[in-house]
Amino acid sequence: MAADAAVATLGPPRRLPTLRRLFRHRLFLVGLVLFGAMAVLALGADLIAPLAPERMQFRARFRPPGEGFLLGTDNFGRDILSRLVFGARLSLAIGFAVVLATGLAGTVIGLVAGYFRRLDEPLMRAMDALMAFPAVMLALAIAAALGPSAVNAVIALSVVYIPRTARIVRASVLVVREMEYVQAALAFGGRHLWILRRHVLPNSLAPLIVQLTFIFAYAVLAESILSFLGVGPPPPTPTWGNMIAEGKDYIREAWWIALWPGLAICLTVLGLNLLGDGLRDVLDPRLKVQQG
Amino acid sequence: MLRFAAARLLASLPVLVLVSLVSFSVMHLIPGDPASVIAGPAATNQEIEQIRRSLGLDRPFLEQMAAWYWNVLQGDLGRSILLGTSVWQALVDRLPVTGSLAVLALVMTVAIGVPAGVLAALRANSAVDAAVTGFALLGVSVPSFWLALMLIVLFSVILEWLPTGGYVPLSASPVDWFRSLLMPSVSLALLQIGLLARITRATMLEVLRQDYVRTARAKGLPRAMVIGKHALKNVMVPVITVIGISFGLLLSGSIVIETVYSLPGIGRLVATSIFGRDYPVIQGTLLLTATMLVLLNLVVDLLYAAIDPRVRYGR
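So the sequences go chain by chain: A and B. According to the numbering used here, the stretch in the first sequence is residues 1 to 292, in order. According to the numbering used here, the stretch in the second sequence is residues 1 to 315, in order.
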């Protein structure tokens, strides 16, 4: 969805080449498949899950993978596959909410800071201050203070990652603002808001989308840490972090409880990183880390 | 150089003020009555009142803030609710563990990340390159706390080579100290190794295309000499950058890693404080780490300027 928006702003002449280049980028496609598979699991959780994710069967505790339970059961006899796909839904939903929140807030802050010079210093120093904290530590402190819940996890993670999007948007605004077409629009008496929306914003989109893909990856990883340490959505809600936290206590006898959710995190984050790399190569070649 | 240093120091002052403001405000994000949340659901009214008074929550907000700043400026970060000791003491007691962990992880990062990145760049698009790039990508995608658990399964439960957790001080037995920290530091280092290898590779490729490298080759210098003398020097810049970033990542990472391996370090302290709502410790740790990181960034900037004179005269 975000990618479509970026492609559209580039205008009709470049639309096809951008998409075609994306689909020729082999690693981008691998990322698309990995992330797409996770998204399908998350969206189709109701259809895929063989059992209700919170249903406990005490006679079927600690079942290893196979034997009627594809991925095994946990310490409460809950079906791990069912918890995994519902966990995918929540983890991805939290990640996506963080992407939306950081995208919106970062864009507003970045546009204002980059365009109105007087507000630049105070806004950017505030962003620097937030970036000064170790990201996960600050997110943990905020989430713990607000109380353990999915919404609060989104708030905590957004506060931590907004400076990154704000910086990216501001940087491109600083470049675009000096362009002749913006100067011309100003000379014609264009209003600030209109210039921001019509000229400045579209030109800042490409690096923003690349950054947001990586933020999605960080958010999925960081959310699993919040859950693992008990300040994410509280158990018995299935999140990948909660599942690993529960598996941790039985790691000697039942390693599979912690194995699967961790693999799910790996594949999701790997997929998003590959998507981000591909988008960066194609949308924003200036940032390209050379592929050799 | 001195002017550059002074200007950079001055520029970081407002950031430090904001950092302290955020650290102070964290406790006041608690909805409702912070004192009763901190005391926990089982607390009596009397206990809640006691916590309210000892944390100064009964006083007006501005007065609390003034008192907190006054204490912080005198080097007093408050007292831990759970431990009963001063926050400063609690952090100092745990520094050797986290310090050992961080140093080991950093050594691994540089010892593996830089050669891997350089090798990948020199053999760009070869199988070696693909392996390094793939490994680096994996490094930034694997959750460290999960990797930590899986290492325990493999090396402690199945192979029984290493202890599942616990810390042995260096002074007690250097061998056991190393054994107790091996898995934790590998779990922590993997992410940084990935980052450093990727950045080193990218920089190296960039450098190898520069005119001065071509000139050096053209005047007949052997390849090893060109790489050793001209190229590697420029790779130092990203190495310093990643080491600068690493401290923040290490501190964040140590929270989960020290929890998984039961290491009595600062990360474990943060995790228990967060779980037990021990706000003086959380505030103090936030303030201290962020201040350290701001100063570290300052040092990194100055190092850049020292290595690369263009930084001093640019902008």
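Simulated from the structure, these hints should not be mistaken for laboratory data. Hints may contain errors.
As the list claims (entries may be wrong) - Selected chain A positions facing chain B (Cβ under 10 Å, derived; list incomplete):
(1) Ala93
(2) Ala97
(3) Leu100
(4) Ala101
(5) Arg117
(6) Val136
(7) Ile142
(8) Ala222
(9) Asn273
As the list claims (entries may be wrong) - If you want the ones that stay clear, here's a sample from chain B, every Cβ over 10 Å from chain A, calculated:
(10) Pro143
(11) Trp177
(12) Arg217
(13) Ala306
Every residue, glycine too, gets a C-beta built ideally from N, C-alpha and C.
Right, here's what the structure says about each hint:
no.: 1; hint: Ala93; result: violated (18 Å)
no.: 2; hint: Ala97; result: violated (19 Å)
no.: 3; hint: Leu100; result: violated (22 Å)
no.: 4; hint: Ala101; result: violated (17 Å)
no.: 5; hint: Arg117; result: violated (16 Å)
no.: 6; hint: Val136; result: holds (4 Å)
no.: 7; hint: Ile142; result: holds (6 Å)
no.: 8; hint: Ala222; result: holds (9 Å)
no.: 9; hint: Asn273; result: holds (6 Å)
no.: 10; hint: Pro143; result: violated (5 Å)
no.: 11; hint: Trp177; result: holds (24 Å)
no.: 12; hint: Arg217; result: holds (19 Å)
no.: 13; hint: Ala306; result: holds (22 Å)
The structure does not agree with the numbered hints 1, 2, 3, 4, 5, 10 stated previously, though it agrees with the rest.
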